[in-house]
Each structure stands twice: as C-alpha cells, then as structure tokens.
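Keeping their order, the protein sequence lines are chains A and B.
In this text, residue positions in the first sequence follow this note's numbering: the first is 4, and each later residue adds one.
In this text, residue positions in the second sequence follow this note's numbering: the first is 37, and each later residue adds one.
It is worth saying that the hints were derived from the structure and are not from the lab.
Glycine residues also receive a C-beta, built at the ideal position from the N, C-alpha and C atoms.
Don't take each hint at face value.
As the list claims (entries may be wrong) - Stretch-level coverage of chain A by chain B, calculated; a stretch enters the list once three of its residues show a Cβ under 8 Å from a Cβ in chain B:
| # | segment |
| --- | --- |
| 1 | 134-145 |
| 2 | 154-162 |
| 3 | 177-190 |
| 4 | 301-315 |
Said to hold, decoys possible - Partner residues aside, some chain B positions facing chain A, computed with beta carbon under 8 Å:
| # | residue |
| --- | --- |
| 5 | Ile218 |
| 6 | Met234 |
| 7 | Ile238 |
| 8 | Phe241 |
| 9 | Gly242 |
| 10 | Ile253 |
| 11 | Gly256 |
| 12 | Ile275 |
| 13 | Leu287 |
| 14 | Leu290 |
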Amino acid sequence: MLPLLVLIPAISGLLAFFWQEDRTRRRLLVFAAAAHSGLTIAAWWYFDPKNQPEVLYGLLMLDSMGMLFLSVVSALFLAAALYTAGYLGMESHKAHRDYLEGFFFVNEPERVFTGCMLLFLTSMTLVTAGQHFGLLWVTVEMTTLVSAPLIYFHRHHRSLEATWKYLLICSVGLALALLGNFLLSVSAAGTDTEVYTRLQLTGLINNASKLQVSWLKASFLFLLVGYGTKMGLAPMHTWLPDTHSESPSPVSALLSGALLNCAFLAILRAHQVCVAAGQAAFTQELLLPFGLMSMGVAAVFILGQPDYKRMLAYSSVENMGILSFGIGLGSQAAAFGTMLQVVVGSLIKGSLFLVAGNILTAYGTKTISDVRGVMRVLPLSSALWMAGFLAVTASPPFGPFLSEFTILKAAFDTGHNVSAVLFLALAALIFIGMAAAVLPMVQGTPSAQVLERARGERLWQVAPPLALCLVVLVLGLYIPPQMTHILNSIATGLVPAVVVADADPARKTGKEPDPVAPKNEESPKAELPRQDETQSTALDDSARVPLSESSTSRALAREDN
Amino acid sequence: VNTMDFLTDLALLFVILINLTMLASSRIVTCIRLVAIQGMSLGLLPFFLTEQGQNLFVTRRLIIIAVVTFVVKGFILPRMLTRALRLADVRHEIEPLIGHSASVLIGVMLLALSFWMGSRFQLPELARSDTVLPISGGAEHQPQPKTPAPGGATTAEPGKRHLSNLVIPAALSTILIGMFLIVIRKKALNQVIGYLLMENGIYIFGVALAYDEPILIELGVLLDVFVAVFVMGITIFHISRTFDHIDTTLLTNLKD
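In isolation and in its complexed conformation, chain B is listed as follows:
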C-alpha cells in the first residue's frame, strides 16, 4: 500500500472517528469545531485518491473544487454556525432524546451497517481508458500500460476502479449518523450540523465515485449548501428571538 492510499484511509478514518465523537459531545461549540475539522479533511481527500499508484485526479478543476471545499466546509460554514450560536446564545444540548452513550452505541451500529453495505457494493466497470486499473486489494498492484487510443472504450480492457475499502463505509456512516443527529438532537443548530454531516458523507461518495461532474455543477452544489446554512442561520436567529430558545421540540403549534 503506497503513501497516498495510506493517507486516504487515514483521512477517512478520521472522518469516521469525528462522527462518533460528535455523537458523544454535548457542547454545540465542540460539534461545530468537529464539523469544521471534518470539512477540512474532506477538502484534502481528493489529493490522496490515486489510481495506478499515480495521482490522476490532480487536475485544475479538482484543485479548484478541493480548495473551495476546504475553505467553505472548513472555515466559512463553521464561522456562520458560530455566529448563529452567539446570536442565539445557547451552549449545551441539555437533554437529547437519546443519551450520549446510547447514541454512540447506535452510531457504532450504524457504522457496522455501513461496512456491511459497503462490502455488498459492486463498483461498476469503467469504459474509459484513463481509469483502467487493477483492483485494489493490496497484492495485485501491477500497473497496466495506458492505452494510447483516445476515447478508447473499445480498445481498452474494462477494469475495476481502484478505491479504498473505507470510502463507501465512511460515506454511508457519515450520511446515516448525520440523519440520526437530526432526529435525536433538539437544538435547531445541532440539526443544521447533522445536515452538514449528511452533505459531507454525500461529498465523500461523490468525490470518490462520481468525480467527473462539470465543475459548474460541483460549485453550484457547494453554493447551495452555503446558502442553505446561511438561510438556516437566519431562521435560527429569528427562532431564538421569537421563542427565546432554539429547541425544536417546542415548535409544535402546527399540527392536525
């Protein structure tokens, strides 16, 4: 296993650990810091993803996306959350619907579920020549010569994509734990953090498996997440001003 693969696994492991720590922490400030660190490691992730031992991913579009992700997820969004926190003036998630140790336990179970689902995923074959590579798995690491034909789907041998075993479990567990956080945490800010966790998980999935979306779209997705957190932050500010708290379990005036 080369350095890049090691770094990929390290970053993904880090992401998973942050998820579990998030479930254990009651202070909202800590959760914001954790989601910031997670965002930064996600920004670095694309640089580590390799194919055939060489880093094919570092193109101009990738660098732009990685840098923008790093800045937005690592700095801007946490800054906005901190600001909302200051305005709303809350510190703790006092009593979550499920206790911290129980929720960590459930988090571990969700992680196990993700690993099990990850083992069942079969990555599809690629037809494009520049991504023809041997299966990752450790032993069979023989570089194949790249086919010179342009668009050589017909000439190239279709191969499996090289991918860390941790990618799909990390992505799925981040999504699931994000949803879990939204359900169990009562404070509106924590729910936004859960939403960000979901987005992070989907980002892992996207950057590892569907990396060739047009850059315009990728940036559009990031912009949408940014605006979503912005609008949610404003809404939280209004909630705290109107209700004197941001406890969403008390937002139950509207029902049938």
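Isolated chain A (complex conformation):
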C-alpha cells in the first residue's frame, strides 16, 4: 500500500511536467489525488498497528500517528486538487492585471504548478511514513523545495518576495534541525545498534534508557527550533503570513493544513524519543511556552489585521501554538485533544482558505474593509466563511470546540492554571479579532462594481470547502469509536503517564487506566472525562517529581563517568 501511496503521486507529478494538454493534466491531478485518498482509506481498512509492513529496510512505515497525519494530508489534498482543477481553468494563460498595483503579470506554466503540487503530495506522504530521523529531515526539506514554485504561481514581485523568504528562512531553520539529527545520533552512540537503525524511531525508543541525556536534550532543542521554523511557531513564524497570503488559495490551504502538520509530526517524533528516555518534563517545558507565545503573537496580529488572508495565516500560527501547548501539558487527555485538533484544525483551515479564494476572486481584494456583503454576492461561500470562522475559534458544535475544550480542561487538571487562563484569554482575543473582521465582511452592501462582476458560485468553488467543513462539524458532534481508539493509542505514546499509573497503584481509581483499549462503545464526550480523572490526577502531584528526579540523577551519573 505504502509504495503505491508514494509512487502514484510521484509518477503523475513527473508526467504532469511533460503533459502538454491542460484539460487532461487537470484530470490527472484530480485522479492522482482521488487515488491517494482511496489508498489511504484502504490502508486504514487493512491497518494493523502491531504488524505494519516495512519498506526500504524499515526506513518507511506507517504507524498510527503517521496514518492520522497521512489521512489529513490526503483529505486536504483531494479538496485542494478538486478546487485547483477548476481554479486553473479560470486562470487563463494571458497576462493578468494585478488587483493591488495595476501592473500586468503572467502565471507560472501550469505544467510546473501541477507537477510540483503532485510532488508536494509525494513528499508529504514520505514525511508521514518516515521512521528514520535522517529520512524525516530529507523529506521535510523536500516539501520546502517543491512547494516554493507553488507559492510563486502568480509571477509578480510580492509572491516572489514571499517565495524568497520562505525558501531562505525554512532552509536555514531546517539546517539547524539537521544538526539536531547529528546530535541525536551522537546521543545514541552507546546504544549498540546497527548502522541502519541508529536513528530509527523504534530503535531509539526501545534503547531510550541508553541515550546520553545531555546530547539528547541538545538534539531536541535543535530539532524543535528547526522544525518549529517550518511549523510556524513564534518567534520563527515570520515567513508564514507572507507565504500564506501571497500564494494561490488552494496552495495556502495545503500549506496551512498539511505542511505545517508535517513539521509538527517531526517534532512529535523527537518528543516520543524524549518521552521514552524519561525526558518528558524537559520537552514539555519547552513546548508549552512556545505554544503560548505563538498564540500570543497570533492574537496580537489578528486584532486589527487589515488583510483577511493574513488573518487566516496568523490563525494558523495560533493553531500550531495550540498543538504545541497541548503536547506541552503532558497528559493523556491533552495529547488526545491535540491529536483531534490536528485533524479538525487542519481541515477547517483548509476550508477557510478555499473560501477566502472565492472571496478574492469575486472582490479582487484582500483588504477586509473593501469586502462588504459577501452574503449577497456569494451566499454559499459566506455561509461557509461564517461556519469556518465559528469552527476555527472553537465555537460549539464544531470539532475544534471539543478538542480545545479537552486541552483546556487537561491544562487545569494538570495544575497549569496560569497557562490555562492565558490560553483561554488568548483564544477569546482571537475570537474577538476574527469576529470584528468576518462579520462586517459577510454583512453590508457590496459595491455596484462587485455586483456587476459577480458570476455566481461554481460547484468546484463550493463543494470542496463544504465537504471539509461538514467533516469538522460531524467530528464535533460524534467521533466514531474507532477514531477515539486510534487517537487514544497515539496519545499514549506521547505521554509518560502509563509508567506512573503502574508505579502508583494506590491512585488507581477502580478502572484500569489503560487507554489503548477502551472497549465500551459510549460516545466520546462521555469517555473523555474518565481518562482525565484517572490519568491527570495521577500526573499533577506525584508523576512529575519522580520522573524529573530520576532523569536528573541519571544525568548526574553520566557526568560522573
């Protein structure tokens, strides 16, 4: 399954570079995206977490976390591909007039754009399946390089500036992540593993107790800063707003929903190793402030933001901040919420960027104050715009409400009261900031010029974001038990809580706190608090102290040697 998932987009991508006819090339894009999604669904069908086939000496393997991220990538790419097929048909080959400054520009050759898009899918698939830190780095860097031409689709100076910033800042950041890889390899020097498994995820986790702690910490620091740059964590997020606002809307949707997640996945892999090595406290202390800082920066720039695509970009920074915050809390429930947030946050952001593309097409401006009366010009898009706004700011009944509420509750349960209050305050600020932008856009009367130009909404403009939005809505109301099961099993690998529960049997509250196999078929809402009680109460007072003590004593022992 995995070879096909990689090869289909790769081969169709290479084909697209040489395919002369536009119409069939667009079909090829949609076909490859659909095939990828179909294969992903089939991979879920045959998914067996215990026994996954390894590809290339075990460098590639889809574990449950990889599967989750792959599904998000695949779903978003399908939506973006359907949108792109229509979008490219609308963008002619002639010179366009720039809406902002009035000069004329041409588009990138459509062949290059489509080819790079498919290669982008290939590289992201490889990231989700990467089981080796070296390979992970190579593939994440590959995503940067193949997505740079996508940003420079409209060939004018603003998109060029965005492309340059993106290329340079992300490449430099990722260079630091490469150094982190080497440090990790040094820390694993004592594990007596074969060459091919030195930086292998499973090998590192199994030999975690033999890792050299100080080198491991240094390595995590570099990996966090490096991949954090790509992920858009503040203060390394500076490329993100420019890139997201200047690229064509389907590309923005992919960058925001899929690419940032891939970088987050790389950080999660490093976090997994640190957790296994008993260094969870160290990584949490780093992830939590980075998360809050990103939310803070997002809140500051969303308030009074004049450009709606930039506003969405900062909302992506916020989303990444929430993810980092959630993992930084270090409880099972928070990790569960974070994984849910990965899914719903990305899908709704993809939907919002696609709708933003519709508004941009109809109004020809990205300035919020120039867009009025979307409800009249684009009725369906305006409904989706409102729904997306409510969802992304975590209003019920959408999915993000559930995930962010879970994270917030876990924050209080683990005793991070100040952080939790900050989280809530920043989320509220962002709600206000976005409401002040979105509501006037939807209401009011459009200018006569816009009404005259309006050509209604096409199916390709509305169906993909609608589908994404519906998924997010459904996940807010009902999470299938299988999905709860998967999310729980992923969350278990991200927290040190299981060891603690065993070490302290007196604290067990009746039920076995083994979240891997919740057999009961209750609704997820009823199930979540139960884990909160069993896991996080055990965590906040007793868990952290012995863990950090043992780690420091081990570090001391190493320094003695």
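Assemble chain B onto chain A, guided by the hints.
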C-alpha cells in the same frame, strides 16, 4: 601526532581561515571561489579522520560520500552560483550592514566562542568494539587490541572516541559564521553562500561524529542541498529580472 591527524587539523584550519576570509571579501565571485575550496577540503576530510592510527573510515560508503561531496560542494554548487551571478549581473556587496573589518572581528569572536563551546563538549562513549580507542591528546597513543567478539558491546571496554580538537570548533564556527553572513549580507546570492557555509559546518559535525548514517540518507541530504541551491538560484534569477537588483533589504513589501 601522525600524518593523518596533521592533515585533519590542516583541513579544518583551512576551513576556519576560509570562513574569516569570506567575511573580509566584498566580491561575490571571491566568496563563491572560497566556498568551492571549502567544499573540496570537506570532501577530503573523511579520508584523514583516523582511529587508532589506522584509517578505519575508508569503506565503500565513505568513498562514495566523500567523492560525491567533493564534486557537489566543490564544483557543481559553485558552478550554479556563478551562473546565477552571471544572470543576475551583480559584482559587489556594496554596503553590508556591518563593515568588513568589524565583521571579521565578530567572526573571530564567534570562533573564540566555538572553541570555548568545543572545550565543553563531552563526547559520549561508544559501545561498539570497532571504535574503541584511546583518547587523543597526543601522549597516550597506545593501540588497543580489537575485541574479536562480533557486536561486542558487552565484552569491549567502552572508550572515548579519537577526535581532533579542532573538529567541534571548526564545525560550530562555520555554522555560526554562515548564519552571521545571512544576516549581514544584503545580496540574495551572498545569503545562499551563507546557507552553504552553514551546511558545510553541519557536514563537518556529521562526518566526524555521526559517520554511520545510512548512505541513502547522506546522499538524500546532499541532494536536498543541491536542489535547494538550484531553486534558490532560479528564484534569484527571477528577483533580478523583476526588481533589477538582488538586494534583499528592498524585499519589504510584505509586512503587517
């Protein structure tokens, strides 16, 4: 100190000197040549690294990596940069944000910082039998017999890795000076050179300390650097065509 160690130190010293010269030179062509020479000496570096007086590193995978590095970093990347330079038609870094003599001074300070950090690094012990060796330091150079047991982590005495004292300072200073160049130079091409310097520093670190990555990954890293410079070169070409210059301080249309 044997010949190989001497050659290692020489190559690393060379790398450090190139870094400082880079800070002093204003002509972009000179910078490209310097980065090419640095790339070549890095390609040779793996052959000089020794353990126990004998060169354990020269395996088939190492030769492939060294040769590919030599060719890519010494010839192909500089060739691509020269081409971008010709297309963009720029010669000088006219006014860097920090003057040349001041930046050399800062470079020396970064070098001192790297030496200080290098002295604080404690290399971890190795468990594998084939790399058990005495500490380098000069005097105690007694070859230990290799343990015959395969995978003899348990039987072998864990030892320190033999490593030139210059490796970590050279790697760190190259990385830091590369980042410094990216910050102070305005021309897009010079920033790419800074990026290459960073990659070179990381390469020194990797080849000396983490030499047993799978060859597939090592080549993948090199391929990525190659493609990165390729894409950056194309972008620079477009920048020069759109703006009539490649001065990145003027790329400031996008902001909040």
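Self-check item: Structure-inconsistent hints, enumerated in ascending order
Solution: Failing hints: none at all.
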